[in-house]
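J.: Chain by chain, the residues run as shown.
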Amino acid sequence: MQHPAFEEVSFHHHTEDAEFKKRVRKTTILLSIITVIELGIGLSIYMIHKGPDPSHLLVLMFKGMVCILSLAKAYYIVSVFMHLGDEIRNMIMTIVVPLLLFIWFIAAFIIDGNSYKTLRNRYDKHFQETTMPKEHHKATEEKKAEPAKSEKQ
Amino acid sequence: MATTATAHQTKWWSGGKSPFNLEYGKLMMWYFLMSDAFTFGAFLISYGSIRFSQNFWPDPNVVFNAFPGAGHANLPLAFVSVMTFILIISSVTMVLAVHAGHKGDRAGVMKWLAWTIVGGLAFLGCQAWEWHHLITGEHAALIDGQIQMVGQTTTVNPWGQLADPGVVFEALKNSSPQVLAQIVHDHDHSHTWKELAGMSKDQLMGMINVAELHVREKGPVAFGGYFYGITGFHGFHVFSGVIINIVMLLMAQNGVFDRKGHYLMIEKAGLYWHFVDLVWVFVFLCFYLI
Numbered sequence: 001m002q003h004p005a006f007e008e009v010s011f012h013h014h015t016e017d018a019e020f021k022k023r024v025r026k027t028t029i030l031l032s033i034i035t036v037i038e039l040g041i042g043l044s045i046y047m048i049h050k051g052p053d054p055s056h057l058l059v060l061m062f063k064g065m066v067c068i069l070s071l072a073k074a075y076y077i078v079s080v081f082m083h084l085g086d087e088i089r090n091m092i093m094t095i096v097v098p099l100l101l102f103i104w105f106i107a108a109f110i111i112d113g114n115s116y117k118t119l120r121n122r123y124d125k126h127f128q129e130t131t132m133p134k135e136h137h138k139a140t141e142e143k144k145a146e147p148a149k150s151e152k153q
Numbered sequence: 001m002a003t004t005a006t007a008h009q010t011k012w013w014s015g016g017k018s019p020f021n022l023e024y025g026k027l028m029m030w031y032f033l034m035s036d037a038f039t040f041g042a043f044l045i046s047y048g049s050i051r052f053s054q055n056f057w058p059d060p061n062v063v064f065n066a067f068p069g070a071g072h073a074n075l076p077l078a079f080v081s082v083m084t085f086i087l088i089i090s091s092v093t094m095v096l097a098v099h100a101g102h103k104g105d106r107a108g109v110m111k112w113l114a115w116t117i118v119g120g121l122a123f124l125g126c127q128a129w130e131w132h133h134l135i136t137g138e139h140a141a142l143i144d145g146q147i148q149m150v151g152q153t154t155t156v157n158p159w160g161q162l163a164d165p166g167v168v169f170e171a172l173k174n175s176s177p178q179v180l181a182q183i184v185h186d187h188d189h190s191h192t193w194k195e196l197a198g199m200s201k202d203q204l205m206g207m208i209n210v211a212e213l214h215v216r217e218k219g220p221v222a223f224g225g226y227f228y229g230i231t232g233f234h235g236f237h238v239f240s241g242v243i244i245n246i247v248m249l250l251m252a253q254n255g256v257f258d259r260k261g262h263y264l265m266i267e268k269a270g271l272y273w274h275f276v277d278l279v280w281v282f283v284f285l286c287f288y289l290i
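Each protein sequence line maps, in turn, to chains V and E. Numbering of the first sequence is given in my numbering, commencing with residue 1 and proceeding in unit increments. Numbering of the second sequence is given in my numbering, commencing with residue 1 and proceeding in unit increments.
Treat the hints with caution; some may be incorrect.
Claimed, not checked - If you want a taste of the chain E side facing chain V, the calculated C-beta under 8 angstroms gives, among others:
1. Met28
2. Ile50
3. Phe52
4. Phe56
5. Leu75
6. Pro76
7. Val82
8. Met83
9. Phe85
10. His99
11. Trp115
12. Leu124
13. Phe236
Hints listed in this document are in silico derivations from the structure and should not be mistaken for laboratory results. All C-beta atoms, glycine included, are put in the ideal place defined by N, C-alpha and C.
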C-alpha cells in the first residue's frame, strides 16, 4: 500500500479494526496486571522490613523480580504501543543495539558506588559507625525504650 | 504497489526507497527518544551509584505513604499507584488517537487526544500534590543533638534511621519549645496552640512519650535532590507532552491534517507520549519499589 505522504515509504502497518482493538485491550490488561503484581511485591518488601527478622536475601529476590517485571512492561510499551515490533528489522536494530550500552553503564556505576562504600567503611571508621544500620535495631530499640520511659517519670 | 507483496525480499538500499520504510520525521523522533533514554538512564544510574555508596538509604515505604484527604494514615504505595495507572490509561488513549488518525477520523483523533491531555494534566496535578506534601509535611528529626521539624528538601530530609529513644530524650531537652509544642500537638489534639504556647518546656516534655515518638535521624542529603531532580525532569517531559498534544488537538481541529491528507504528526506526538510513560516505569521502579 502506498504511503499517503511519502513515495519512498512502500508500506505501513494498517491493522484490522477488530484485531487492533483486541491487541490494545490485551496489552492494557497485561500492563495493569504487571503493575498490580509490582505493587504487591512492593508491599511484601514493606511487610518483610516491618517484621521481626527481615530476610535480606528474600528482599533482594523480590527487588530482582520487580526489575524483570519493569523490563517486561517496557517491552510491551515499546513493541505494541510504539509499534517498534512492526518496523523492519534493520530499523529495530539501530534502536535496540545502542541501548545495549546500558548493560555496561549500569554495571560499571553500581559496582563503582559499591566499591567506594567498601573502601570508605574500611578507612573512615567514623563514617561506618555513624551510618551503618544496626542489626535487628527494632529489637534493641524496644529494650532501650523501657528505661527511657521510666527516666522521664 | 507491486513491491508490497515481496516487501522482505526488497533491496532496501538500492535507492528509490526509504531503507527503514519510515518517513524522516518519525525516524528522527525515534533517535531523539533513544538519546533521551540515555539522559534519563544517566540520571537514574547516578542515583543508583550514590545509593550503593551509602550504608543506609531511606525505605520508600516510609517516605511515600500519604494519600490526599487521608490525613496521617499510613498508605505506602497507594498514591503512586494511582499516578502509574493514570499514565498507563493516557498511553492507551494516545494509541487510540493514533489509530483514529490512520483512518483519517478527525472526530476520533480529537476525542482521544483530549482524553490523553486530561490524563497528562491529572498526572501533573498528582505530582504537584506529592511535591507539596513532601516539602511542607514536616517531621521531627534528630539533627545535631536537637529535635527539629523538617520537610524533605534538597539539603535536608527526615528519612534517616530510627533514633535511639535515649538519645532522643536528651535531644528533646536541647530543642526549642516551639518544636516540643509541635510534637505534642501532632500526637494529641486535646490542647489548643494557645495553651501549648503558654506551657513551660518541662510541662511539654512531660506530655511527650519518647517510646512512641519514632524520631528518625536526618537521611542521606542526596535523596531529596535526586528525587526532585529526576521526578521533576520526568514531570517536565509530561508537561511538554501535554503542550505538544494540545497543539496537535488545535491543529486537528483547524483541519491542518485533513489538508495535508495524513495524520502522521499524531504518530510522532504519540511516540513522545509513550516514551514519557516508558520512563515513568523506571522512575517508579527506582524510587518507589526498590
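J.: Against each hint, give a clear statement of whether it holds in the structure.
T.: Hint-by-hint comparison with the structure:
1. Met28: At about 12 angstroms, which exceeds the 8 angstroms cut-off, the nearest Cβ of chain V leaves the hint on E:Met28 violated.
2. Ile50: 6 angstroms, holds
3. Phe52: 3 angstroms, holds
4. Phe56: This interface hint holds because 5 angstroms falls under the 8 angstroms limit.
5. Leu75: With a closest approach of 10 angstroms, the E:Leu75 hint is violated.
6. Pro76: E:Pro76 check passes; min Cβ-Cβ to chain V is 5 angstroms, inside 8 angstroms.
7. Val82: 11 angstroms, violated
8. Met83: This interface hint is violated because 11 angstroms lies over the 8 angstroms limit.
9. Phe85: 7 angstroms, holds
10. His99: E:His99 check passes; min Cβ-Cβ to chain V is 6 angstroms, inside 8 angstroms.
11. Trp115: Status violated, d = 14 angstroms.
12. Leu124: 20 angstroms, violated
13. Phe236: Cβ of E:Phe236 sits 20 angstroms from chain V, so the hint is violated.
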